[in-house]
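Let chain A serve as the given structure and place chains B, C and D with the ligands on it in line with the hints.
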Amino acid sequence: MSIPVLAMTASDFSSAQEVRWCPGCGDYSILSQLKQALASFGVRRENIVFVSGVGCASRLPHYINTFGFQGSYGRAPALATGVKLANPNLQVWVVMGDGDACSAGLTHLTHALRRNVDLKILLINNEVFGLSRGQQSPTSRVGTCSKTSPDGSVETPLRPVSIALAAEATFVARTVDVDVNHMSEIFEKAAMHRGSGFVEIYQNCKIFNDGVFEYATDAVIKTDSIIHLEHGRPILFGKDRNHALRLNGFEPEVVTLGQGITMDDILIHDERAAEPTLAFLLSRLVGPQFPECLGVFRNVRKPTHQQLLDAAFQQGDPPRAFESLLAGDESWTLA
Amino acid sequence: MSIPVLAMTASDFSSAQEVRWCPGCGDYSILSQLKQALASFGVRRENIVFVSGVGCASRLPHYINTFGFQGSYGRAPALATGVKLANPNLQVWVVMGDGDACSAGLTHLTHALRRNVDLKILLINNEVFGLSRGQQSPTSRVGTCSKTSPDGSVETPLRPVSIALAAEATFVARTVDVDVNHMSEIFEKAAMHRGSGFVEIYQNCKIFNDGVFEYATDAVIKTDSIIHLEHGRPILFGKDRNHALRLNGFEPEVVTLGQGITMDDILIHDERAAEPTLAFLLSRLVGPQFPECLGVFRNVRKPTHQQLLDAAFQQGDPPRAFESLLAGDESWTLA
Amino acid sequence: MPGTTLTIARSTIPHGTPVERAAAVVRFAGDANDGVLLVGTQFTYACAMVGNAVMTVPDPAAEIRAPAGALAGVTAFQCHFAGHAIHTPGDRLDLLVALNPSALRTYIGDLSPAGLLLVDSDRFVPDEWAKAGYVADPLQDAALQAFRVLAVPIRQLNREAVARVNLIPTEIERCKSFFVLGLSYWLFDRPPEPTFRWIRETYNKNPGLVEAHTRAFKAGWHHAETLGPGLQSRVGQRCLKSGKHRMINGATALALGFLAAARQSGLPMVYAGFPVAPASELLHLFTEWKQENIQVIQPEDDLAAANIALGAAFGGSLGVTATTSTGIALQADTLALAAISELPMVAVHVQRAGPSLGMPTRTEQADLLQAFYGRNGECPVVVLAQSSPSDGFRIAIEAVRLAVTRMTPVVVLTDTYLMSASEAWHVPSSSELPMVLAKQTKADPEHPLLPYSRDEHLARPWAIPGRAGLEHRTGGMEKEANTGAVSYDPANHEAMVALRARKIAKIAEKLPPLVVHGPKSGDVLIVAWGSVCGATHDAAERCRAAGLNVANIGLTHLSPLPADLVGVLRKYRRVLVPELNAGQLSKILRAEYLLDVVSLNKVQGQPFLVSEIEAKVRQLLGPC
Amino acid sequence: MPGTTLTIARSTIPHGTPVERAAAVVRFAGDANDGVLLVGTQFTYACAMVGNAVMTVPDPAAEIRAPAGALAGVTAFQCHFAGHAIHTPGDRLDLLVALNPSALRTYIGDLSPAGLLLVDSDRFVPDEWAKAGYVADPLQDAALQAFRVLAVPIRQLNREAVARVNLIPTEIERCKSFFVLGLSYWLFDRPPEPTFRWIRETYNKNPGLVEAHTRAFKAGWHHAETLGPGLQSRVGQRCLKSGKHRMINGATALALGFLAAARQSGLPMVYAGFPVAPASELLHLFTEWKQENIQVIQPEDDLAAANIALGAAFGGSLGVTATTSTGIALQADTLALAAISELPMVAVHVQRAGPSLGMPTRTEQADLLQAFYGRNGECPVVVLAQSSPSDGFRIAIEAVRLAVTRMTPVVVLTDTYLMSASEAWHVPSSSELPMVLAKQTKADPEHPLLPYSRDEHLARPWAIPGRAGLEHRTGGMEKEANTGAVSYDPANHEAMVALRARKIAKIAEKLPPLVVHGPKSGDVLIVAWGSVCGATHDAAERCRAAGLNVANIGLTHLSPLPADLVGVLRKYRRVLVPELNAGQLSKILRAEYLLDVVSLNKVQGQPFLVSEIEAKVRQLLGPC
Ligand SMILES: Cc1ncc(C[n+]2csc(CCOP(=O)(O)OP(=O)(O)O)c2C)c(N)n1
Ligand SMILES: Cc1ncc(C[n+]2csc(CCOP(=O)(O)OP(=O)(O)O)c2C)c(N)n1
Ligand code: SF4
Ligand code: SF4
Ligand SMILES: [Mg+2]
Ligand SMILES: [Mg+2]
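Chains as they are written, first to last, in my numbering: chain A, 1 to 335; chain B, 1 to 335; chain C, 1 to 624; chain D, 1 to 624.
Bound-form chain A, shown alone (with noise of 0.2 Å):
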């Protein structure tokens, strides 16, 4: 990716189309901090797409002045990655709601993760279906009230981190509407993975589903709910940092620092391990019963999918030309 350094600002990415969300919906905030953050990458305009399916996330490539292309319902992993096998220099985002991406689109998202395309995949999670009007989703905790569940809703959900984490994903993360700043940070991370930078962002649904993350939102709720993963530190939390996690065999827990815990019984978090094992244990971790985190679950380098191409193409017999092709093996000429 080239990425000369160029002085742009988050409007030099404003298209445009008017934007059509409810007001108060938490897409407001995603579409103006992601602009922020294209514009401190210093990528130019025309090599950035944006890619989405069908959604009231998905109306976001609309909004943004890149080039922008808004397919069909769930399978916006497979047209980006079509759009970057067509030319890998492009800086390509796919974004997707949870119904786009855990319903329909589950499929092309778990192989563009597998195969470790360079997308930055942005999941914005409202747990519920907005732009079809309210119905529950793949997402929906247990007791969510919608259209289709009238009476709550009980199906066991889909964890959007878990999925990506058993779909071999090499950067997984989580951030959250209204944190502006945190969002800032793993957008930017994303950006700079090499491979497929997978984010489920936490968006509150106005209409639909409001309040679902007040938890994580509430400026006083939320620090005894939220976990920020930082690498390498043990997994603190509370207003004075004093909660924390720990391992009771495989099941984890929580405890309070002091009376005979101390930072050696903490866990520390990696999200560079070989395996994503704990990233796994902290995808499950939800509440009220346990803080929920935000961050980076898992960072990895591996070979991206071109990589892995072109390292295909060197390997075995070299390219034939193609008159040698037009030929075929067996050719004969007659006088």
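Errors might be hidden in some of the hints.
[Said to hold, decoys possible] Here are a few chain D residues that sit away from chain B, every Cβ distance over 10 Å (derived from the structure): (1) Arg-92; (2) Tyr-134; (3) Asp-141; (4) Pro-207; (5) Asp-302; (6) Ala-508; (7) Arg-542.
[Stated by the list, open to error] The calculated lysine-lysine pairs, modelled on DSSO-like cross-linking and capped at a C-alpha distance of 27 Å, are: (8) D/Lys-131 to B/Lys-206; (9) C/Lys-442 to C/Lys-510; (10) C/Lys-131 to A/Lys-206.
[To be verified] Per label pair, the in silico range of CB-to-CB distance: (11) B/Gln-314 to C/Ala-491: 49 to 59 Å; (12) D/Asp-564 to B/Tyr-28: 42 to 52 Å; (13) D/Lys-442 to C/Gly-133: 34 to 44 Å.
Hints listed in this document are in silico derivations from the structure and should not be mistaken for laboratory results.
A quick note: this is a predicted structure, and the numbers were derived from the prediction, not measured.
We put the beta carbon where it would ideally sit given N, CA and C, even for glycine.
Here is chains B, C and D with the ligands on its own, set in the frame of chain A:
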């Protein structure tokens, strides 16, 4: 499920259709063991349904004299969910190849598992596309030579057990085509499990991927390269059962008992753990670096899809009479 | 609560007798929180309860939640009421109620030259014009001079009306709808009593609200009386038959039809629908109506939805799914599987403006050819089309009947317009519903099951799991005749392809004769299908009333086409086919009958106006 | 190695001169390990190198690996060679080589009454009959008496021939093919030298194998001489032009065509194909041929394949995908997206016998209507059809040309038969290939990009990422004319639907005139498309040779149909449309031209025989 005890033999489950796999195909052994297992359950033939997709593995329903439905490539879990919704009393088996399950069918598989639909799902994994004549599969190990990877495949394979665990599966196991006793045991456990029973079966494709599982089937080699998981027991393996798995931080380690290493250091398998962290870790072990696990990775009790639906039905307002729905809330009568 | 609130002092000001009219069209428009839907619905009931024919259609806002006053937030409700049968929600408006400038801008083009425009003058302030993109007060615009404009300070008058009741501000604002209602009732001389009753029942826990709403209504009514002479009209003629009625939209009619079919066949039903507007309405209704014999599931995508429905059919249930244009192709493969395995399932395909996402969720009829031909191989299925909102009830039952007696997938075509439009419907008594005889097979020890043997309809047995002796294997591969074993025999394949086609074609033999409206032969026959049937019928009636030699038919069975169709077509000099597409039924009729039918096409995401069809007929007939 | 092995002693036994014939059809059949493919290929080259026209088709075993001698394991290779142009692999066999009883059973029905049957009598033992389902020795069957049967103990004679070379048993068995080859060469007087050369080159590391294969061949040849008089015939006439030739099957021709198009347009290509037979052949070829400018990916399913191709097109590459009947509907949604976003991609759809899985992978043409209509909304795309194996080269280039100059998705229809059949092809020189001018846009600071403005073909600019100033957003929603902004405007939608249709229709204006074979007007015109073109042409030629007034055309452009087609059609009394479906092009022609075309349909998973078409023409012409 009604389980009257019937005296049946495997041959009661043979259909008239001529079996058409290649000589030496691992599917023969699976079929024969499956018929054996079915005979032992005592479930009447008419209460059993086999559903499959497309592939060599997916021909299996044609060879079993129960009800059978071969659907489209990858869609069997959805078809089977429909059968089960229509008649919850049926014992419904789903047979999928690795291509079928992990490419087109991945979304459906994942959702059947997270819903905990009471299906017995056999993923027959030969790490190659068989019926379509020898292309790489999403589960092909790196380096697999195939029609679409003549110089060896480069993409990171998916590990079906990891995927199933991330999909919130309640029963996850693995077995291998030639180990008939082990297969029987696993089939029985899956059948007795209430909810989705997911079983990955290592199967040898004689034609397109012969010998990939030799380490798991060769009598001599396998003792050192295979772990048989046993619930509540330390994870030991090797001819003399003196090799074992230990945890070093979060990284698994193969150790040999003795010389300072005692049973206390060894990981104890727990298929019923609240969280599937250990199961996930075990699903990541692959040879030749590590021994691979056969047996039950996870086995927990959660309400089945049907139980959830039934419970939801009880909640909220009772159902309205047909006539009342017909008239709606605002009817009027004209004289 | 004083009973007096249920009466209103009429005619306190002399304003002449209301003008009697045959029909009228009213549209209420404003922001989502202007209570437009409530007003429209009340108004509709007021018309329906006096026995007028009524038909309504909502026009929901383009966005889920737009900023107040924005064009994207304008929502409307239209009501057509008449003393004679009507089949559309009306062309031109006799009254447009525009509660803000954006509503005015959006809809003024639809107002009839003789129509009334009622606006809330309190909302016509520079800030609000701007949101609608006006640069000057539109009420001062010369263009509006063509209409009779009633500029009423509604917000202000409403506040005054309810001032003496103790309400919080949002409650006060909400009463405004009833001011509008009172005013509108007066304009069309609708009886207020049912609405007073509704207010009493709705707010029965809160006397203050009962009083406030009633006061607002009365204030509106009385204010109308002051607006001047010649404004009041009425549709006095009764049209509806006696008996129990309800308003019903197309989605509800379809859902009730499936419910009825399940009940009348004794079959359990599995409904699998992936959310996609407006097919989601069915999913929402079945979810809400939870019934003992219906299992509802929201699957992971449209492919899963179709496969679950088909799996359910294999399992012995009525398998039903629905999707819209963007999902039809995704379900095609499953329909092909259902066709070759010969299992009964019903797929409702709600057409929206395409291709691809197109204009969600505007109406269109451009998926007919896809329903006919959008599957691999030679793969005819039954295709039915809903032809009016309430017709959904009948069509759903017919779809189930054909599916379970002929062992075939059935596609029901409908569209956005039909799903949301409503009409008054005579509620059938549950005892008079037709029985649906499913052909589930019983095991017979004398005759082992031949799962692909045939009955008189060429249908195969429905041999469901759970019944001993019926064990068999089926699926997507070609089947040997009778046994159903996988077969690669060339002659067998040809025979089975022909047999499956004949099975569908044979349905045509037993259909009831086509209903031809108008002369049985003559100048012009208009052939309509689906949502165009309504406008076509009204257009044809108008032509006939004008003495023109015009007949019309509405097709609900499209595949197979009725056997008597060709005979009917050949009785007219010209055949006109109006469609909301580029001419898809036309293509089919041309290929089938080599008949040079005339197409009238509209591809705007909007239904036909009656006048558009009428104009085309007149053009066809030439100057007379 | 002694040079003498390259010659053969001819005519050691008097057997008369070979009978000169115009053409012959030979089929070699046996187990997979009988080397049938090798024998057939060698035989074909022997014919082609003397300048005969040749066309071949394999008939692979039904199963991947069946037990030895089983019916499911029978595989065959057919070769038609002639001194005049031919367009099919032949109807009836002049020689059937049946290397085991299962092969005999499978194919004996295809042998011409005057044909020769060669069997390996060593394999006609009770064990082997049984595998073929015979209860008695079929060679003793009366039915065989109709043919001239050459029962040769091939295994035994081969063993004897190679006895003195030191070989292991499997090597000995493998030489058998060359015994068969020698025998067959003699029967048709083919020159053995090229085969001797091939043996030398192939086994150049192993003189023992060279000797053994040569000996086996010679033994076959000399044994043939002993079989009696009147058996030998020859096709002496040269037909192929001078220059470089190769055998090419339809899959290879298509793949080379795409390669050529990429080269001639200067565009990089992305090929995304999910494995599904026989479309997988393209994937296998591109994988094998790895080329600098082509990225190949095996995606997760057919939906992904189409989307990757489309994404690549957006990214500025040639996006190509292929699937077969079971995957076409899955790709429909993406084609609709490509049509409304107006991006160039090519989807090759290989037709197999359906519906659903049907009979994999037998041939059929029943996805034409799906290619026309199997997408949501009004969504015409370009549809082309490959009409012979080598025609794939031209069609692929034409598909790319139309896609990148008209900015539209293009569907290329082909079928199982065309993919696997081969013919001799004059290899073009790479310098004489046509240029393909892609319309990629350059930024122009004077004129900001209007991504949905139009050129003379009504095509929009291809504004690819990476070029500053061309940034724009597109996708599946309806576009405002010129700007491409999302638009819900009714009139705009209607205009855009019409414009997209006109863009496709306009292509018809610039197509080369139709080539009519035969009289320019008259009794019968046969209209063929796709794989039926070959049999049709040969049938028409036969009719014309018999003095009948019959013309024929082959359509490769189906959507749009050529502008001059209607004029041609109207010049004949009857129009006959033979199709491997229930009459799909017929439907289109009937609807389009209101012409009562006659359908000749065959839905058996097998191509037409020339004689079937000829018979239909004669029937149409009536007794004469
Ligand atoms: C094939 C298809 N199926 C379904 C839909 C309907 N649909 C549009 S948006 C949507 C849900 C979007 O939910 P999510 O992805 O969570 O995004 P959000 O709107 O919540 O941001 C659905 C089901 C569609 N457009 N196409
Ligand atoms: C929609 C569709 N795509 C692709 C295929 C082609 N296909 C048939 S079997 C198969 C692969 C099967 O591989 P796997 O699932 O691993 O089963 P196996 O044959 O190895 O048992 C494929 C790709 C198809 N039939 N339908
Ligand atoms: S529906 Fe929810 S997600 Fe969609 S725009 Fe509105 S608030 Fe945002
Ligand atoms: S191809 Fe492989 S998996 Fe398929 S039948 Fe043959 S051996 Fe078995
Ligand atoms: Mg969402
Ligand atoms: Mg496989």
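Hint by hint, here is what the structure shows:
Interface exclusion of D/Arg-92 from chain B stands, the closest Cβ pair being 30 Å apart, more than 10 Å. Interface exclusion of D/Tyr-134 from chain B stands, the closest Cβ pair being 17 Å apart, more than 10 Å. With a least CB separation of 24 Å from chain B, D/Asp-141 remains clear of the 10 Å interface cut-off, as annotated. A cut-off of 10 Å between C-beta atoms confirms that D/Pro-207 is not in contact with chain B; the least separation is 30 Å.
With a minimum CB-CB distance of about 8 Å to chain B, D/Asp-302 fails to clear the 10 Å threshold, and the non-interface call is violated. Even its closest Cβ contact with chain B, about 36 Å, leaves D/Ala-508 beyond 10 Å, as expected for a residue assigned away from the interface. Here D/Arg-542 stays apart from chain B, with its beta-carbon at least about 38 Å from theirs, past the 10 Å limit. Among the hinted pairs, D/Lys-131 with B/Lys-206 is consistent with the structure: their alpha-carbon atoms are about 23 Å apart, no more than 27 Å.
Under the criterion of a C-alpha separation no larger than 27 Å, the hint pairing C/Lys-442 with C/Lys-510 is consistent with the structure, at around 26 Å. The straight-line distance between the Cα atoms of C/Lys-131 and A/Lys-206 is roughly 23 Å, inside the 27 Å bound, and the hint therefore holds. Between B/Gln-314 and C/Ala-491 the C-beta distance comes to about 56 Å, which sits within the given range of 49 to 59 Å. Range check, D/Asp-564 to B/Tyr-28: about 60 Å between beta-carbon atoms, so the 42 to 52 Å window is missed.
For D/Lys-442 and C/Gly-133, the Cβ-Cβ distance of about 36 Å falls inside the hinted range of 34 to 44 Å, so the restraint holds.
This entry does not satisfy hints 5, 12, going by the numbered hints stated previously.
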